[in-house]
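Just so you know, the protein sequences line up as chains A and B, in that order. Position 76 (the first sequence) corresponds to 76 in our numbering; numbering is contiguous. Position 160 (the second sequence) corresponds to 160 in our numbering; numbering is contiguous.
Hints were generated in silico from the structure; no laboratory data involved. Treat each hint with caution, since some may be false.
Okay, the calculated beta carbon distance ranges per label pair [said to hold, decoys possible]:
1. PRO107/B x GLU256/A: 52 to 58 Å
2. PHE166/A x GLN185/B: 33 to 39 Å
3. ALA167/A x VAL14/B: 14 to 20 Å
4. VAL57/B x CYS192/A: 31 to 37 Å
5. LYS276/B x LYS191/A: 33 to 39 Å
6. PHE166/A x LEU219/B: 54 to 60 Å
In silico BS3-like cross-links for lysine-lysine, where the CA-CA straight-line distance does not exceed 25 Å [as the list claims (entries may be wrong)]:
7. LYS191/A x LYS276/B
8. LYS172/B x LYS276/B
9. LYS139/B x LYS32/B
10. LYS274/A x LYS239/A
11. LYS191/A x LYS139/B
12. LYS97/B x LYS172/B
Glycine included, every Cβ here is placed at the ideal spot set by N, Cα and C.
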Amino acid sequence: MEGKPSGFPPMDPPFPFGGAPPARGPRDPRFGASFYMRFHYNGGMTDAVLSCRNITKSFHRTLIPVRHLQERIIVGRRKKTQWSVNAVDDVSLRLAPGEWIGLSGPNGCGKTTLLRVLAGLLVPDLGSVERNATFSCFFELGVGFHEEHTAAENVRMHAMLWGVDFAAMRSMADAVRAFAGIGDHWNLPLKCYSTGMRHRLGFAVSTAVPGDVLLLDEIFAVGDAAFQVQCWERLFALKRLGHSAVMVSHRTGDLERICDRVFSMNGGKIVQEKTIAPITA
Amino acid sequence: MRSYIRVLISNYTVRQMARIVWTVGWSDFFLKYRGSVLGYLWSLLAPLAKFLVIYYVFRPFVSDAIPYYSLYLFLGIIVWEHFTVTTTHCMSVLHEKAAFVQKLPFPRILLIFIVGWTNLIIFLTHLIIFAVFVVVTGKGFPVQWVFVPLILFHMTILALGVGMILSAYCLKYRDIPHLWSIATQVLFWLTPITYAYRLEVPLLATIRRMPEMIRGPALHNLFDVFVQFQPLSLVMYDLRRITLYPKELGTPSLEHLLGMTVVFLAIFCIGAVIFKKRSRHFVQEY
Numbered sequence: 001m002e003g004k005p006s007g008f009p010p011m012d013p014p015f016p017f018g019g020a021p022p023a024r025g026p027r028d029p030r031f032g033a034s035f036y037m038r039f040h041y042n043g044g045m046t047d048a049v050l051s052c053r054n055i056t057k058s059f060h061r062t063l064i065p066v067r068h069l070q071e072r073i074i075v076g077r078r079k080k081t082q083w084s085v086n087a088v089d090d091v092s093l094r095l096a097p098g099e100w101i102g103l104s105g106p107n108g109c110g111k112t113t114l115l116r117v118l119a120g121l122l123v124p125d126l127g128s129v130e131r132n133a134t135f136s137c138f139f140e141l142g143v144g145f146h147e148e149h150t151a152a153e154n155v156r157m158h159a160m161l162w163g164v165d166f167a168a169m170r171s172m173a174d175a176v177r178a179f180a181g182i183g184d185h186w187n188l189p190l191k192c193y194s195t196g197m198r199h200r201l202g203f204a205v206s207t208a209v210p211g212d213v214l215l216l217d218e219i220f221a222v223g224d225a226a227f228q229v230q231c232w233e234r235l236f237a238l239k240r241l242g243h244s245a246v247m248v249s250h251r252t253g254d255l256e257r258i259c260d261r262v263f264s265m266n267g268g269k270i271v272q273e274k275t276i277a278p279i280t281a
Numbered sequence: 001m002r003s004y005i006r007v008l009i010s011n012y013t014v015r016q017m018a019r020i021v022w023t024v025g026w027s028d029f030f031l032k033y034r035g036s037v038l039g040y041l042w043s044l045l046a047p048l049a050k051f052l053v054i055y056y057v058f059r060p061f062v063s064d065a066i067p068y069y070s071l072y073l074f075l076g077i078i079v080w081e082h083f084t085v086t087t088t089h090c091m092s093v094l095h096e097k098a099a100f101v102q103k104l105p106f107p108r109i110l111l112i113f114i115v116g117w118t119n120l121i122i123f124l125t126h127l128i129i130f131a132v133f134v135v136v137t138g139k140g141f142p143v144q145w146v147f148v149p150l151i152l153f154h155m156t157i158l159a160l161g162v163g164m165i166l167s168a169y170c171l172k173y174r175d176i177p178h179l180w181s182i183a184t185q186v187l188f189w190l191t192p193i194t195y196a197y198r199l200e201v202p203l204l205a206t207i208r209r210m211p212e213m214i215r216g217p218a219l220h221n222l223f224d225v226f227v228q229f230q231p232l233s234l235v236m237y238d239l240r241r242i243t244l245y246p247k248e249l250g251t252p253s254l255e256h257l258l259g260m261t262v263v264f265l266a267i268f269c270i271g272a273v274i275f276k277k278r279s280r281h282f283v284q285e286y
């Protein structure tokens, strides 16, 4: 500290008056760990594009399906028998730029919940998430598609929802049309499509507007064999382009094919970490 | 326990958000009537039926007291329709666009703005019909019509503010839409749609009279005060006097308009704060 004799113990920590401590660099031992937690201190390592710390998330449901205002007014806030589950329990992750992480595990192990917390769709009970990049997430293929709109209109709408500008939209529509291979159906409303066609269009649209970080939930269950090959090519291309990703799937084999690290989850905790390819960059 | 979650790095600029609201709003408007034979005319059916019945029943009683009663009534009804439809739509949009809410991390308040925009388009078409009626009756358009956009702004943010408060809790408490539909039935008669309404100008003078109005313990006194000062009455009064009675009732003063804007903005902001706070939990409340 300048202007003070060295070794002079600070009377009070600079927070909140002296501003935040440096985001990077060695820790000042005068302040405890909790002080740095507030600023997502990342220990002087390279910037993670996405990191989370001690994420805990539980769900509570009343077993009697009554959630009425009238009841709340008449009876008041009464303790009801609740069913609760700890979906994610104290999970920390760091995603380096260009890294692909896989989360695998049986149904109900909390992998999708964790992904939703990372995306900011769910608020964790405890812990913090830090995002340092633009991100896109695909929890379901073709979100925002409308049955009555044609593919062209749907693609435009989707692009808009993801913040693609007008100039890029035209070229994106062409790319999607070429990739999805739905031919003459392009100008028909979506209700005329088969399920497979819908999935193909959804995949094409979803990966056409990628942010720096992709959050992908069960993206492999798409289309026939030929289209699967196409999908894999697209994913590898995205990886080569330097996008990072967190993927969720129950098929560990698929994850190990593309991811650098694969975590196995069980009961809301990460039980095993497997490094497929160490990060070199 | 507090969780230290940082505000989302928003992927959207203000311009992109405006474009989303504009485009989705228009597409909702067109989708609503696509495929039906009468199309848009269906949206007119409800206010028109209401108008005809009430006009038939009430005209003998009030047409002496209110000049241009048909226009007075029609304007009241379309403003009322706009308010109820917008507030109800604010709640139902969370179910209509459930996929958006559950799967896309975008600012939820955009849904509300989309609702506001769609319903404003519908209201504008109704207003055009009103203008046609004005021409047909030979009333003419006074200069005061320039204030109409401001009143439309008041109307919209009032409806959205109330709508946001309702929709913030409508997933947590499932009976809110039902309770609101009952409340609107009562509110319909506590709003000067069908009967005459007069406000002492300036408004502050009337507000000063409020204590003496409540002095009597009778229930109808309280109703009187409510009808006088509830925001919807004020909106209707302003809209009617600038479109129908600029000579008789005078133009709204600058202070009046400014004060109203502040009040409605306050309602809107309260709604927005509540909605923003609650909307983080929407995903797990479905």
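These are the hints, each one checked on the structure:
About 37 Å separates the C-beta atoms of PRO107/B and GLU256/A, a value inconsistent with the hinted range of 52 to 58 Å. Taking 33 to 39 Å as the suggested C-beta distance range, the pair PHE166/A and GLN185/B does not conform, at roughly 46 Å. In this structure the supplied range 14 to 20 Å holds for ALA167/A paired with VAL14/B, their Cβ-Cβ distance being about 19 Å. Separation of VAL57/B from CYS192/A is about 49 Å and departs from the stated range, judged on CB atoms against 31 to 37 Å.
At roughly 35 Å, the beta carbons of LYS276/B and LYS191/A sit within the given window of 33 to 39 Å. The hint said 54 to 60 Å for the Cβ distance between PHE166/A and LEU219/B, and at roughly 59 Å that hint holds. This hinted pair does not check out: LYS191/A and LYS276/B have alpha carbons roughly 34 Å apart, beyond 25 Å. Between LYS172/B and LYS276/B, the direct Cα distance comes to roughly 15 Å. Compliance with the 25 Å bound is thereby established for this hinted pair.
Taking the CA atoms of LYS139/B and LYS32/B, the gap is near 33 Å; set against the 25 Å cutoff, the hint is violated. As the CA atoms of LYS274/A and LYS239/A are separated by approximately 19 Å, the hinted pair is consistent with the 25 Å bound. In summary, the hint linking LYS191/A to LYS139/B is not supported, as the alpha carbons are separated by about 49 Å, beyond the 25 Å threshold. Note on LYS97/B and LYS172/B: the hinted pairing holds, with a Cα-Cα distance of about 17 Å set against a maximum of 25 Å.
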